[in-house]
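4 protein chains.
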Amino acid sequence: MNTGIIGAGRIGRVHIRNITSSVPQINITALADPMLNEEITAFARQHHIPKVTTDAREIFDDPDIDAVIICSSTNTHAEYIIEAAKAGKHIFCEKPVDYDLARVREAIDAAENAGVILQIGFCRRFDHNHRAVYDMVRSGSVGDVNLIRISSRDPEPPSIDYVKVSGGIFYDMMIHDFDMARFLAGCEVTEVQAWGSVLVDPAIGEAGDVDTAAVMLRFENGAIGMIDNSRQAVYGYDQRVEVFGSRGMAFNDNDVLHTARILTADSTCSAPMHRVMFDRYTQAFISEMQSFARALETGTGPEVNGEDGLPPVLMAAAATLSMKEHRPVKISEIIETANVNPVHTA
Amino acid sequence: MNTGIIGAGRIGRVHIRNITSSVPQINITALADPMLNEEITAFARQHHIPKVTTDAREIFDDPDIDAVIICSSTNTHAEYIIEAAKAGKHIFCEKPVDYDLARVREAIDAAENAGVILQIGFCRRFDHNHRAVYDMVRSGSVGDVNLIRISSRDPEPPSIDYVKVSGGIFYDMMIHDFDMARFLAGCEVTEVQAWGSVLVDPAIGEAGDVDTAAVMLRFENGAIGMIDNSRQAVYGYDQRVEVFGSRGMAFNDNDVLHTARILTADSTCSAPMHRVMFDRYTQAFISEMQSFARALETGTGPEVNGEDGLPPVLMAAAATLSMKEHRPVKISEIIETANVNPVHTA
Amino acid sequence: MNTGIIGAGRIGRVHIRNITSSVPQINITALADPMLNEEITAFARQHHIPKVTTDAREIFDDPDIDAVIICSSTNTHAEYIIEAAKAGKHIFCEKPVDYDLARVREAIDAAENAGVILQIGFCRRFDHNHRAVYDMVRSGSVGDVNLIRISSRDPEPPSIDYVKVSGGIFYDMMIHDFDMARFLAGCEVTEVQAWGSVLVDPAIGEAGDVDTAAVMLRFENGAIGMIDNSRQAVYGYDQRVEVFGSRGMAFNDNDVLHTARILTADSTCSAPMHRVMFDRYTQAFISEMQSFARALETGTGPEVNGEDGLPPVLMAAAATLSMKEHRPVKISEIIETANVNPVHTA
Amino acid sequence: MNTGIIGAGRIGRVHIRNITSSVPQINITALADPMLNEEITAFARQHHIPKVTTDAREIFDDPDIDAVIICSSTNTHAEYIIEAAKAGKHIFCEKPVDYDLARVREAIDAAENAGVILQIGFCRRFDHNHRAVYDMVRSGSVGDVNLIRISSRDPEPPSIDYVKVSGGIFYDMMIHDFDMARFLAGCEVTEVQAWGSVLVDPAIGEAGDVDTAAVMLRFENGAIGMIDNSRQAVYGYDQRVEVFGSRGMAFNDNDVLHTARILTADSTCSAPMHRVMFDRYTQAFISEMQSFARALETGTGPEVNGEDGLPPVLMAAAATLSMKEHRPVKISEIIETANVNPVHTA
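Sequence lines, in order, name chains A, B, C and D.
Positions 20 to 365 (my numbering) are the ones given, in order, by the first sequence.
Positions 20 to 365 (my numbering) are the ones given, in order, by the second sequence.
Positions 20 to 365 (my numbering) are the ones given, in order, by the third sequence.
Positions 20 to 365 (my numbering) are the ones given, in order, by the fourth sequence.
Heads up, some of the hints might be wrong.
In this list, chains with the same sequence are indistinguishable; a pair is considered to hold if it fits within one copy or across any two.
[As the list claims (entries may be wrong)] Below are the SDA-like pairs computed for lysine to any residue, each with C-alpha atoms no more than 25 Å apart in a straight line:
#1 K183 to G241
#2 K114 to L55
#3 K343 to E239
#4 K183 to S265
#5 K105 to A129
#6 K343 to T209
#7 K183 to D119
#8 K114 to D298
#9 K70 to T39
By construction, these hints were calculated from the structure, which means they are not laboratory data.
Model the full assembly from the supplied sequences, consistent with the hints where possible.
Take a look at the structure:
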């Protein structure tokens, strides 16, 4: 399956490396990056990618290319999805599709109307720990889901420059947890209550964002979700989920660097968790791309399809409004205000 | 220190047993219970309690008695505190002081005005696991507190008859967590947002209560707390706290019955947690009473004093209103509405 | 069941306290201690023991006493068992029965011939963690036992004076593990290979003992056991067992003081284990005495009977010889040399 | 660094894959395998290896090749080491060097005399868990080493055909643990006592081997080691080490597939460990080869050098003799009998 990659930044290179070493079904034949330079060219050569270009259009126009992997900046996602769909190419696109709800809808619709596969890069669904909890829930071992708790904390805050363009903590960081909450619950969120505080760095507050956020979610079935985010967990990249139900509880803990422990007269110590997202989710990125390859091979819907791209953005919008107006916000209110169809209508 | 006990129900007997075996400074010389019967009389004799009576007044009037332990039903707590205070006796009273805020204030004031020790029975503060987290926070290891998470789930719901008179999940069950949140944070809660659902038993909903509740707390310092309660955790009595701060995270896990594990071809299994509150908090009840004995001995303020009795009730009132009106409720609103002084004024 | 206790040292007082608080079936009516002093007398009074004496004979001669609990020094155990048996009293005796094999045999035989219950104080069999492993093995979950590993390490060495009279590490310390090995395996040991080193304190070597010991055991069924002992584990009182079999592995870990953990930028730390034997085996001593009470009540054989008293001493003798002569030693060799019947012959 | 690989069996391919994806300093330019077939040729092409041959000599004779990686069958190791050394090529050789002590000596000497790097494939030294324990020991946190415990158990026995040619459990399986024991202790073993049993499969006994083995090691400094091996741990590939010393204990546990746990009314279950050696030691094989690459780059001695190849074989010889003659065997006895220098003499 000949594939073109758009964007050779950090995440783009991770995908290229993973595909080369672990996804033999995908053959990367072209790389497009507007910032193309010698380093990227060398990287491409090293990974046996025959064609490099600054123009994504060359990928869309290449009749030998079957699929595109979009790793460019968020503001280009929707456009590239639409272009790729027009060109009849299957699509893997990093999250989020867009910050604008109508634009998200448009992009998803484009792929659906073109009949191409669209997979959204919610990589955490492929993490071994989160997936194990998901499998326990889906197997029925937990029974009906009553409560979901998610903690997701970064080891250190991004730069203030980044914060300013990030869209805010709910779009930038909690978007993953919104997707995870839906994924684990197996149903949709109907209402959001968000609180935030500036506790890590006043500059984040001055930039108009919060660095500590807590959100309650109400699910269709009455279950309640609780998510917390912090921009700075000094002990590492903290990623935990818990699903409590009528028949039990499934939850996970963080991966740690090793299993060794040391006991002395003064302390009992064990290994820290990972500090870097790419170290923590190493395997998830590989599994995600293997999943995309399977979807391409079988022609069946991907594990995270286009329709999965909209609800997290709806939840982020609701959370942003809830925090601003200090009240619970229903997802239906967001849908009505934005005048966006929650589902594809042919 | 001669002490009288009022109420020989389940919790009263636990205190009597613990004092007899582990609190030599306290000498129980009288037991009052309006439901006094042969079984209670035999229990008293077995524990070498010389005097049994149906009338609590006999304890208040006994000049040889220095302290009283109030284990009667909640609706009598305030009255007995006031009576004991008038009689100049030190007081240990089970939680909550009362459901009525003014009445709570009146009882606490009575003890303070009389200059007697008043300890409230928030036993979880004395639990080895929760106390260890508290000590880590107080030592500064966690830094400034940013987030607090508390999960508190019962193994099975109480009878519907009990639910009807319980005052609701926030007064009856989450009251402990409200106290724990203040205790861990080291500062007061200013605002509460409560959500509830009926997911365990529709009869609980018909009785006007919820069985699954989630609450967000805002603390004075901007920190955010998240509490969840369920009336039915089929896997046991689930009691966990987590404090996340600028320098680290302290948290605990449940005690389990033993440390053994078994690994077979099919599974890796370990021991369950406790299912019964008195098994889980065995040591906490002993430590609590030892703490009261130390307060009596030294004449200094108890570890959980009268003033600690009011805030959890304020929080329960705010949570109840928040859930009812589906909006965040400030503690100050409750104080104003109830016209109750948040602190003792001589 | 009226019971006399002989010996009011540390272990004697533990039994008295436990019986008073947790074993209502046993009524202690007499306490004998040759070193009787005011402190012991006060302790007896506090625990409502009516009679104190310096002479154990007064207990044996008291027709109202049904059972004796022997907590005196090891060199008196055999004699007191024999005396108690003659007097027709049921017996609980601390371990070991004696260092001399013939004397052990004689004492056990005396109890068996008199038809009285004799329980040996191998308290670890009643520990919740070890018992959980035992139950897993007995349930068949582990399948046929292939390997047993036991680590048993003291937090600090005893005084050199004690070492000199202790009988050596195999009689004094590993005797518990020899019993545990038999208990877990469910069959007898046939051969022992012991190695020792002086690594903790040269004075222990000068006193003729080792402070670090490793032993291999061969069981009747071909399974192999491995035990290690150290007189000094600076991190606490380390007590772990592991049973590996054809269908799985059961093992336990140490109890720790609490479940709290703290994660900071520098470390991930959890609670230490216990440092004091009586803190670690608190519950085991209670359960052991409750088991004895059940045996007295039902008249059936105790969970650790007289015959259980001999094999650990045989194993200690074999280990001592093995280390001395630097060769494997069969239990049969010890039996023949000592000319002692391995089982009771009426 | 141009490198030739000899042997394209399972382990050879693992090294090729790891080098291609994770060791950019090593450039594989030739592959030799006497069983060369289409599958191997395709594998080589896929990994961009320009030259494939059936004759290892072509690698030794190639002046453009700087290093060889020997993954052929054990009986060829010594010969290939000698050939490679003669050709002045650096060498990575899988363990063990040979079963014959003189032959091991000869091969190591050849490399040392030629001044080429020789690294032995004791991959477990590079495992994150074992290495973490090693680092704790080397940092001094454990103090002086007193006891070492190693459990190493395979998920299932090899074929009886393999058992027959394996050299026995001590050469084939425990050889890794012998190396690990030396590695962790930081000093040499002087004496070995080995016991074995046939508990897994009688056919293994009929083939002249045991399937369950326990060994005690005495180290130069008086410390004692205990190793157990089983050919069949039905719950997975069980790999644990523990180092107990004067200042503490360092130990590790097995990696498990994920961190999720599920608690229900009936059980508390967590994830199994790995079942396949290559899954368990995935990262160790990569780190080992990266270590070899560093040695090649810097020209300094490898982390596991040629001299590390002899002691494990000496220990295996001692264990084999000890089990056969049912007595402790000193390493010095093996050295004298075999007339082999324990260290290189120029």
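query: Are there hints from earlier that the structure breaks, and if so, what are their numbers?
result: none
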